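Visitor: Listed below are the residues making up each chain.
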Amino acid sequence: MKLPRVARLVCLSVVLAANLLLAACHQDEPPPWQLTNISGHMPDLSFKLTDDQGKTATAADYRGKVVLLYFGYTHCPDVCPLTLAHLHVLMQRLGKLSDGVRILFISVDPTRDTPAVLHDYVTAFDPHTVGLTGSPSDIEALSKRYRAAFTREPGKSDGSYDVSHSSGIYIFDGNGKARLLATPADPQDKMEHDLHLLLSTGERT
Amino acid sequence: MKSRFLLLLLIAGLLPITSLQAAQADHVTASHAWIRLLPGNLPASGYVTLRNGGATAATLVAAHTDTYASAMIHQSVQEVDGTSRMTMVEHLTIPAHGEVSLAPASYHLMLQQAARALKAGDNVDITLDFSDGSQLHTRFLLRPANAVDIN
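Residue numbers (the numbering used here), protein chains in the order written: chain A, 1 to 205; chain B, 1 to 151.
Looking at chain A on its own, in the form it has when it is part of the complex (with noise of 0.2 Å):
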């Protein structure tokens, strides 16, 4: 059976318009993240530490860089070094590019945290990761910037204690923009996807 010649067109024209449009909606669409985007949600990466090395660190040393910025404290044994050991398989998945990237560990209990602390701490990690410490007063205002909580839990009878903090990991691009959030829960493979997006793509925006 032959279709009559316009109804023929009208199929053509209808399967035309539809590339076009599926094509224009690629264009426009914004990268398929896979983590929460926060892109225009967030403050800018800002901040005026002390690094592990005891040298004064601020956000511009980490232009260039893709960050991941996370909230812990050395005396935190089960999720703050959970989160770490799985950002550092996920800088060996990322290979050659995590050289692009750089891992913050703030502390949100600086009273114990010393930047020689913070060093052998890191550095069991994984070499890209940054600790960094500062005056309590410096650690608040960052963690409110990002409005990441942290409590101090009442002292025990040996006078140790536990602090309470936020477990999400904030994702900022080269030129220091908050982009994504992740959280510990959330799948290597997310992660990866994202960060090689971010890699490819973030620092030319």
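These are computed hints drawn from the structure, not numbers from a lab. Values in this document were obtained by computation on a predicted structure and should not be read as measured data. For glycine and all other residues, C-beta sits at the position ideal for the given N, C-alpha and C. Treat the hints with caution; some may be incorrect.
DEER-style ranges, computed between Cβ atoms [as the list claims (entries may be wrong)]: (1) B/79 x A/97: 31 to 39 Å; (2) B/57 x A/154: 27 to 35 Å; (3) B/91 x A/158: 18 to 26 Å; (4) A/44 x B/81: 45 to 53 Å.
Given chain A, put chain B in place with the hints provided.
Guide: Just chain B now, with coordinates in the frame of chain A:
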């Protein structure tokens, strides 16, 4: 003479069976026991998978070891606002014919103040104490800080 000997054998054979039925620890097997070793003298976490092959529940109430001054059962809790915190656990029940994992971001043994210098690859013996007073001696492997979980 012969029947007496048989009776003795029977009694000797029965004794361990009765004690086996009473002790929770005898029904529990431990696997994948490891500790994430952290630098300095930072508190570390111990993880282990406990399987209860018995017909009644077993309840873990404490742990102790010569290697650390303190060993406590803790649980990491993730709040709805994304905050992570730790709570003490008084009893951890392993259901009959069931399994409970002490695993990262969940139940764990919080180990503080090591009595000796430790390195990855070493073993640490920890005794798990159950509610009926029975004990399970478990050997934990020290793994590096950046090891990924096997539980």
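Visitor: Looking at the structure, which of the earlier hints fail to hold?
Guide: 4
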